[in-house]
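> Chains as they are written, first to last, in the numbering used here: chain X, 3 to 115; chain S, 157 to 269.
Take these hints with a grain of salt, some might be off.
Here are the simulated DSSO-like pairs of lysine-lysine, each with C-alpha atoms no more than 30 Å apart in a straight line [what the hints assert, rightly or not]:
#1 213(S) / 159(S)
#2 227(S) / 159(S)
#3 227(S) / 213(S)
#4 227(S) / 59(X)
#5 219(S) / 173(S)
#6 159(S) / 59(X)
A few chain X residues that face chain S, going by a derived Cβ cut-off under 8 Å, partial list only [what the hints assert, rightly or not]:
#7 44
#8 50
#9 108
#10 109
What the hints contain is simulated information worked out from the structure, not anything from laboratory work. Nothing here was measured: the structure is a model prediction, and the numbers come from that model. Backbone N, C-alpha and C define an ideal beta-carbon position, used for all residues, glycine too.
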Amino acid sequence: KAGVTQTPRYLIKTRGQQVTLSCSPISGHRSVSWYQQTPGQGLQFLFEYFSETQRNKGNFPGRFSGRQFSNSRSEMNVSTLELGDSALYLCASSLAFADTEAFFGQGTRLTVV
Amino acid sequence: SQKIEQNSEALNIQEGKTATLTCNYTNYSPAYLQWYRQDPGRGPVFLLLIRENEKEKRKERLKVTFDTTLKQSLFHITASQPADSATYLCALPASGGSYIPTFGRGTSLIVHP
Chain X
3 KAGVTQTPRY LIKTRGQQVT LSCSPISGHR SVSWYQQTPG QGLQFLFEYF SETQRNKGNF
63 PGRFSGRQFS NSRSEMNVST LELGDSALYL CASSLAFADT EAFFGQGTRL TVV
Chain S
157 SQKIEQNSEA LNIQEGKTAT LTCNYTNYSP AYLQWYRQDP GRGPVFLLLI RENEKEKRKE
217 RLKVTFDTTL KQSLFHITAS QPADSATYLC ALPASGGSYI PTFGRGTSLI VHP
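Chain S extracted, bound-state conformation (with noise of 0.2 Å):
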């Protein structure tokens, strides 16, 4: 079955510096692929959409690559901030032509002041 994967252990980054987040998956081949942010005890809000045919997507200071030969997706925020501080969860639809999307369990970011 489909799998996805991102880093369990919490990013701990300086102000200022880019982070950098991981989404992997297997067994799959997905059309699309999404970005959320969630802060503790609320939903989850839609960040960025890449479709399998886009190598790379950009909002403000958020990058977004599609690697879908190295199944792979990585999620860059430059300048980060404190307020960027929040668990990110990449999201693929359900396979078997599903829209529904299925999310991994997310990565923590930490930026320090």
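With the rest of the complex left out, here is chain X (with noise of 0.2 Å):
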């Protein structure tokens, strides 16, 4: 079966625009996760969503954002960049129950200048 598909696969933007990313999940996966991936902070958590709704949410400021459709593709936004937003964001998805793993895309590399 088709895995965790994100696009675009990389990004530059300017400080101060905004960016929207996409992640089709594994079918009949209905739990989408957004990670940030920089080398200074690891794999740090942003937000989990479960049918259209955001169950779970991580440390980070409003400017982002996500949601997800009825059919569980997420969107994850970030307003007003900044340099520091510079990293590979991943999405994962997932049975959501305990003990399954995280199934991962191949991320999208956002550079911000």
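From these two lone chains plus the hints, build me the complex, please.
Set out below in structure tokens:
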């Protein structure tokens, strides 16, 4: 079956702009989580959506937001981009039960200049 | 708050040897622990899950141990190969009953031919 698909793979934006990233989970997976990965901080949890509702949220400013559609596809938005937002943004889908693995997409590499 | 520690220094070993990576955690008693592999520029890939009542788990050349007294997991790769070179991340479910994986920063393994 198809894996988790993230688009675009690479993105270059200017400070102050906003950006929207997309994630299509594995068919049948209703949970989508987003992570930010930087060399200094590692993988940090942003938020999780389940059945179109944000169920968990990490410690990120309100500039980071997301949503999930009825087909489980999810989008993440970052407004007023800062240089420090440059990172690999990863989406993971899962069956949303304990003990289950997370399936990650290849990520979107965002560079803010 | 919970803390996950992995050796930030890269582990360099010779092909054919056993690689052993360590994951320590504090302020937490997770019900399970996961190990993921991440290659540069790609999302993590799930390898193994071990539950708190399991001391050891094996999958092909991989072996994971889980010592809840020491609050430590060891990840072994036997008969290592250059293709095993990657960053290995341990992940625990976030505290408070959430199943959202919280990741360590990972240890880079380099297997020399």
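> Now look at each hint and say whether the structure bears it out.
Status of each hint after checking the structure:
{"no.": "1", "hint": "213(S) / 159(S)", "verdict": "holds (23 Å)"}
{"no.": "2", "hint": "227(S) / 159(S)", "verdict": "holds (11 Å)"}
{"no.": "3", "hint": "227(S) / 213(S)", "verdict": "holds (16 Å)"}
{"no.": "4", "hint": "227(S) / 59(X)", "verdict": "holds (26 Å)"}
{"no.": "5", "hint": "219(S) / 173(S)", "verdict": "holds (14 Å)"}
{"no.": "6", "hint": "159(S) / 59(X)", "verdict": "holds (18 Å)"}
{"no.": "7", "hint": "44", "verdict": "holds (4 Å)"}
{"no.": "8", "hint": "50", "verdict": "holds (6 Å)"}
{"no.": "9", "hint": "108", "verdict": "holds (5 Å)"}
{"no.": "10", "hint": "109", "verdict": "holds (5 Å)"}
The earlier numbered hints are all upheld by this structure, with none contradicted.
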